[in-house]
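Q: The whole structure should be built from the sequences, with the hints applied where relevant.
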Amino acid sequence: MIRIGIDIGGAFTDLVAYDEETGEIIWVKVETTPKDLSEGVINSIIKSKIDLSKVSSIVHGQTLVINTIVTREGAKTGLITTKGHRDILILQRANRRDIYNFRYDKPEPFVPRYLTQEVRERIWGDGTVLQPLVEEDLLTALEKLLKEDVKSICISFINSYVNPVHELKAKEIVSSYLKEKRFEEVLLSVSHEITREWGEYERTNTCVLNAYVLPKWIKYIAKLDDVFRSKGFKGNFYIMLSNGGLSLTRYVVNYPILTVESGPIAGVIGGIAIAEIIGERNIIVLDGGSTTTKASLIENLLPRVTSEYYVGRDRYNPGYPIKVPVIEIAEIGNGGTSIAWIDELGRLRVGPKAAGAEPGPACYGKGGDKPTVTDAYVVNRLINPEYLLGGELKIYRDLAIKVIKPIADHFNVSVEEAAEGIIKIANDNAANVIRIISVQKGFDPRDFTLIAHGGSGPMFAPFIAEDLEIRKIVVPFVPPGVFSAWGMLLTDVRHDYILTRIVEVNNNNIELINKSFEEADKKILEMFEIEGFKISDIYLLHYADMRYKGQEHTVKVPIEVKELKDKDINKIIERFHEYHERHYAFRLPSSPVQIVNFHSVGVAKVKRPPVKETIVKGGLDEAVKESRKIFINGDYLDVFVYDKIKIPTEVTIEGPAVIEDPTSTILVLKGQKAFKDKYGNIIIIRR
Amino acid sequence: MPIDPFTLEIIKNALITANEEMFQAWARTAKSPVIYEVLDFAVGIANSDGDLVAEAPGVPGFSGVLDFAVKEVIEKWGKDLKPGDVIVNNVPYKSGTHLNDVTLVAPVFYKDVLVGSTATKGHWSEVGGMAFGSWNPHSTEIYQEGIQLPNVKLYVEGKPNKDVIDIILTNSRLPDYTLGDMESQVASMRVAARRIISLIEKYSLDAVLTAMKRIIEEGEKYALLKLQELPKGVFEAEDYIDAAIAATEKPVYVKVKVSISDDSFIVDFTGSSRQVPSPINSPYPATVAGVKETFMAITDPHAYPNSGLFKVLKVIAPEGTIFHPIKPAPTSTFWEAMAFATELVWKALAPHVKNKLSAGHFLSIIATIVGGIDDRTGEPFAIVEPQPGGWGAKYDKDGTSGLVACGDGETYIASTEVYEKNFPILVERYMLNTEDGVGHGKYRGGFGVIREYRIMNSQALVTLQVGRHDYPPWGVDGGLPGPGNRVIIYEPDGKIREIRRLTAEVLKRGSLISIRTSGGGGWGDPLERDPRLVLEDYKNELISLDIARNIYGVVIDPNKMEIDWKATEELREKLKKSRRS
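Residue numbers (the numbering used here), protein chains in the order written: chain S, 2 to 688; chain P, 142 to 722.
Quick caveat, the hints were computed from the structure, so don't treat them as lab data.
The list that follows gives simulated cross-link-like pairs (lysine to aspartate or glutamate, EDC-like), each with its CA atoms no further than 20 Å apart:
(1) S:Lys550 - P:Glu520
(2) S:Lys84 - P:Glu682
(3) S:Lys550 - P:Asp515
(4) P:Lys367 - S:Glu345
(5) S:Lys55 - S:Asp227
(6) P:Lys538 - S:Asp99
All of these numbers come straight from a predicted model, not from anything done at the bench.
A: Okay, here's the thing in structure tokens:
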């Protein structure tokens with residue numbers, strides 16, 4: 002049988018297929034079709050010529066959900082909430098993120114005030130009912146919304162995370178009304194079903210966005226499913242989730258918001274898979290794209306999954322909070338096609354504007370007239386100055402020189418020196434994204450191995466390693482363009498459930514702690530049940546978000562024992578002290594410790610394609626393509642350029658050197674050495 | 142070896158990153174929520190003259206108060222500064238804000254050369270004084286506000302100065318927190334110092350000093366460039382601070398004269414009232430920081446703040462006035478007068494720098510404390526927070542609703558659910574204040590909020606200070622003023638009172654504190670507002686039919702939810718006429 006991963010990206014939709022019998026891996030690339038994303042997906046299958054009746058599973062990472070939110074092309078949505086709290090979406094958290102902007106605007110809510118209706122009901126912070134739900138209010142609210150022709154409704158009440166009884170009742174009443182009055186096309190999302198974390202603005206916004214995307218999502222999934230089935234597909238259709246796992250469409254069809262971030266996530270999973278293969282446990286996965294650089298820190302092979310995710314957040318914009326589990330990834334606007342420019346004060350800057358695929362860098366000869374990072378690499382011949390993509394893309398170095406010349410003139414230096422300046426600043430930007438996820442969070446980047454993928458990742462990585470004193474870089478054997486799609490083939494089915502319940506960790510509360518995890522586990526198993534998994538195939542992991550009593554910030558601590566006993570309590574507290582100290586540099590040994598969130602994870606392992614060893618024999622000189630004069634550290638230097646495929650296994654290449662294959666360029670700097678391992682990964686070591 | 146311009150750029154960025162890392166390190170390791178949640182602190186790196194090459198304020202009210210502190214340390218200690226020293230200060234008059242904000246300055250040496258210093262300032266939860274938490278709205282002298290630390294050595298050549306630390310801890314009601322905040326503050330400064338030293342080792346001392354010099358020069362150059370875009374001339378504004386919070390018989394008159402030329406930006410508060418016997422006085426450094434906020438807003442809100450950027454700025458405030466109080470004036474709620482320093486410059490320039498400013502906002506932080514002993518657990522609890530309110534209209538769009546005031550920035554208002562879990566209160570309503578309304582105009586102000594706390598405990602202690610009530614947020618160009626801030630307390634025995642200033646007032650179970658912040662001022666004549674926007678506001682239940690009709694001259698058919706265009710035209714004509722006569 003065959004397994005397929007399909008990943009929609011900004012420019013291309015990638016398909017990777019793995020034949021379970023032959024071990025063969027193939028990939029195809031088609032253009033992404035922004036108007037109807039499903040077209041690109043279908044095109045990729047047609048182009049691959051794969052017989053879908055021989056396919057056991059399709060794993061899909063998509064951008065429909067995030068695009069629908071960003072372009073605001075979702076359904077007309079209504080919100081039903083607690084009386085006295087109608088303006089939850091307008092008030093948000095009242096912060097002014099752009100602190101000196103005295104014309105500051107908040108993000109525009111996805112539901113306007115007139116489509117937000119209040120009902121009388123109130124549950125207090127301890128879960129007690131202060132005011133029972135008034136059904137009459139609910140029906141009035143519902144009728145108003147239906148009169149306004151909403152297509153999707155969100156119900157979110159204050160404190161439903163602690164006691165969902167009113168949300169459940171409201172759901173029942175609304176559902177049966179919609180059924181009776183034949184409003185079957187109107188869809189319903191209920192906040193506590195999506196997240197059980199506290200914070201009414203964040204939970205309501207999460208639920209509203211789910212409702213906003215839901216009608217489009219259901220159609221999208223149905224269309225793909227129909228097309229796949231009509232082509233003979235009888236296997237499982239999985240969707241990539243933001244938590245780094247998969248879910249069958251049967252479950253996720255009602256919760257599109259769980260898939261809000263999926264493409265870059267698969268890249269991180271791919272990075273973890275590479276780390277496992279080569280026996281590394283602590284890694285930083287660097288994804289150097291054409292317009293941005295992303296990085297994620299992995300400790301002990303476990304990605305950092307949190308529910309602190311925002312759409313559209315940056316230094317000056319608060320964005321929209323989405324409280325679903327997402328792998329932590331940092332991103333900056335610095336990539337291979339980022340544009341170099343001179344600012345008002347005559348300083349050289351790189352990014353965040355980029356030339357992207359159209360028109361692309363000047364050296365592509367497609368009309369780009371701005372100097373990009375790629376142009377700078379071409380001018381100094383760090384990447385092939387004649388062609389890329391194995392000859393498919395002709396490179397015009399003279400055009401690159403032409404656009405960099407004004408920068409050289411501005412600083413009164415040679416074009417090569419100016420190009421080197423652009424490279425230095427771009428690399429400094431990329432190094433900063435790694436500082437953000439490591440140094441600023443209390444990790445030392447020297448304790449990590451850098452896994453560099455993406456078109457520009459392997460070009461940036463050797464410089465970043467020098468700057469941050471990272472000892473080892475790995476450039477995966479999988480081509481950069483399809484790394485994310487490949488990552489999807491290695492992804493397990495995973496569900497997360499986070500339940501806010503504040504419990505002091507002591508021996509009196511063991512029962513309550515066990516009960517809370519049990520409750521979370523039960524929810525997880527229900528999700529797998531909907532998907533049709535056998536309970537015996539699921540293994541469960543527990544985490545607790547813990548804090549010192551009286552503090553706000555929490556630390557996620559793994560809880561290894563399933564059923565806690567007296568003796569385990571001290572161990573958990575000690576582990577919390579340890580984690581807290583590493584993260585926050587102090588401990589409060591006499592302070593009571595609390596659990597704030599009970600976080601259960603359920604995983605069903607998929608069968609992974611085994612990675613074949615491919616030993617290349619022969620001498621290193623056979624791999625030499627040419628001797629090239631490159632410009633580096635202010636001078637010209639003759640270096641060997643190696644053909645990546647022909648490099649023999651486990652033979653050392655001394656830097657400076659250039660390693661090329663049709664899809665990427667790897668630099669090895671002076672003082673670094675490189676070799677190819679038995680899987681075809683290129684390993685670079687700093688001395 | 143001369144350094145190439147690109148490497149210089151990287152060193153400059155590295156200094157700014159070092160500062161950012163110091164900021165994150167303190168935020169991450171502090172023990173008090175006021176540091177890691179409210180971000181009520183600032184960090185900076187100064188050159189050897191005390192000019193800041195990098196600064197990161199957590200709240201805009203802290204912009205550029207650090208250079209006063211560093212310069213005062215250099216002035217006092219000079220050659221007696223030794224590697225490993227840390228100087229502590231919180232006396233407000235020459236370099237500070239209020240006693241809770243404690244500044245530490247540590248010189249950075251490379252071998253024997255003084256390279257510069259790291260400086261941090263942040264709100265310590267407790268420094269003694271007449272009330273828990275130290276700051277309160279009723280002090281009349283600084284001596285009631287806590288212990289004063291007059292630029293003494295907290296660390297001597299790397300060793301803690303135990304005598305000084307003992308005095309500090311003895312004077313604190315929460316010595317554990319005080320010690321924790323202090324230690325994390327010192328540790329964060331070491332992070333930045335280490336990074337500066339490693340930059341010197343990598344690129345040379347000369348390269349780093351050149352980068353520091355260049356940052357200041359470029360800041361100055363950039364400010365001059367931005368001055369070109371501003372209107373030139375003299376701009377004036379005046380206002381009044383409510384007597385109720387100033388503890389004066391009459392409202393407190395404040396005024397400003399802003400003179401902008403090609404190479405200077407002079408802000409003169411001469412003519413403003415004397416200092417007052419309540420803690421709202423704004424120390425001179427706070428006044429300057431307040432002005433810097435508006436300066437940033439009208440030049441480039443995204444400019445990187447450093448001493449160079451502010452070289453063109455001169456702030457004049459005569460000694461003994463509310464903008465430059467002298468000993469023993471209390472200053473513990475300095476933010477109330479400081480916000481006027483910010484807003485006066487803003488008010489003077491709003492009609493002239495339309496693309497950067499809005500009409501007047503609710504201004505008063507309405508700092509609120511609700512605390513006590515939780516009956517359920519027997520443990521103490523305390524809510525300490527600012528309140529959000531309405532911001533003014535812009536020349537081309539409506540103001541923003543429910544936003545923290547100008548002195549606060551990336552400050553998050555706590556969730557109702559978090560409060561109700563942690564504290565014995567019920568947040569009965571938290572919604573837009575459509576009851577008191579906004580400043581109407583061609584573009585209207587943003588709405589304030591109604592936030593109501595019901596006490597669910599046998600009792601709670603409440604501290605509050607409400608400004609901008611008698612003199613509400615101002616409109617521009619015919620826009621109307623907002624309604625003003627107010628707070629009403631409903632007690633279970635039926636007593637209802639409006640309050641302006643409370644310190645630790647006892648309220649019984651069932652009492653309701655109704656905080657109603659003001660909407661912002663309007664911009665332009667309400668009769669010129671697009672009737673479709675009026676309809677939208679009506680549809681969104683933000684305004685009534687009466688307001689649509691009487692203030693905006695728009696006639697709406699509520700059943701069809703449509704504008705009666707003809708009737709609207711006639712009504713607007715009529716209203717204009719009656720206004721003329």
